[in-house]
Amino acid sequence: MKIICKNISKSFSGKRVLEGITFESKESCVAILGANSAGKTTLLKIFATILKPDFGDIKIDQIDIVKEPKKIRRILSFVPENPFLLRELSAIDNIKHFSYLKKVKVNPKQVIEQFCIPFTNNPVRTLSKGIQQRLMVAIALMSNPRLLILDEPTNSIDRESKEVLWKLLVQMKEEGKIVLLSTHDEEEVLALADYVIILDQGRVLFSGHVKELPVGKFYVVQIQDQLLLGSHTLSDSNGKASLLVEYEELPKLISQHKVLGIKNIGLKELLDLKNKQLS
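Residue numbers (the numbering used here): 221 to 499.
You may find that some hints are simply not true.
Using 30 Å as the maximum straight-line C-alpha spacing, the simulated DSS-like pairs for lysine-lysine come out as follows [claimed, not checked]: (1) K393 with K290; (2) K265 with K397; (3) K222 with K397.
Estimated spans, in silico, between C-beta atoms of each pair [stated by the list, open to error]: (4) L309 with F232: 29 to 35 Å; (5) N364 with K472: 52 to 58 Å; (6) G234 with N302: 23 to 29 Å.
In short, the hints are calculated from the structure, not lab data.
Idealized CB from N, CA, C, for every residue including glycine.
Generate the whole structure from the sequences, applying the supplied hints.
Structural data, given as structure tokens:
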């Protein structure tokens with residue numbers, strides 16, 4: 221399944237939330253990574269045909285989702301960040317209700333077992349957010365969608381529920397389905413994604429294969445020297461300088477300067493340094 225996103229832009233009340241989002245992927249799991257308010261949820265809602273873009277086009281398997289929303293809805297399911305369930309009903313009764321709406325036949329007890337949901341007659345409002353999220357994914361998959369869209373699927377849930385969801389999403393990928401998810405969790409991206417888009421303030425900072433991410437590549441090194449400010453210099457004062465360097469540069473730097481500290485930085489910190497030149 222090929223996803224082509226060209227120049228997607230969206231504003232609310234005159235404020236630009238997405239600007240010129242463009243990428244193309246044939247991968248099984250596409251992750252949209254970014255901090256809060258980066259535009260992740262808005263972009264996913266456009267993919268799920270809940271919102272329309274102001275400009276731009278999106279095609280999924282040659283289906284124009286802006287012009288043919290009904291057609292794409294037949295093959296996708298959307299899981300919001302906050303579980304949308306009938307909170308006073310049990311998990312089994314929620315499964316029965318949504319299977320009726322979706323016009324699909326399922327065995328509720330089998331669904332409960334498959335998704336590791338505790339068997340109880342208590343209302344779902346008494347269950348943890350992690351269990352509720354598993355239930356939402358179970359309901360979304362009842363219609364056997366080819367594309368599953370998830371907004372922050374593991375945000376604020378326990379580690380056990382996170383690992384259960386990861387296993388389910390990996391299984392979906394193995395079955396040939398496409399997973400499109402948003403997250404601010406770098407670990408989640410590395411565990412699940414094949415292709416990643418990094419958003420910041422509604423713009424694309426990076427798009428490409430996960431293997432192209434600069435994970436473990438950059439270090440912040442503090443040295444006992446005064447340097448002229450340059451592309452690698454983060455700070456320079458009181459006879460000390462902090463530099464942003466690549467792994468390959470470390471030996472030379474250590475041999476030429478007195479090093480006070482070395483810290484490997486991840487994707488989140490790289491986003492904070494987005495205005496620095498990394499080359």
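Cross-check of the supplied hints:
no.	hint	in the structure
1	K393 with K290	holds, 24 Å
2	K265 with K397	holds, 19 Å
3	K222 with K397	holds, 12 Å
4	L309 with F232: 29 to 35 Å	holds, 33 Å
5	N364 with K472: 52 to 58 Å	holds, 55 Å
6	G234 with N302: 23 to 29 Å	holds, 27 Å
The structure is consistent with each of the numbered hints, conforming to all of them.
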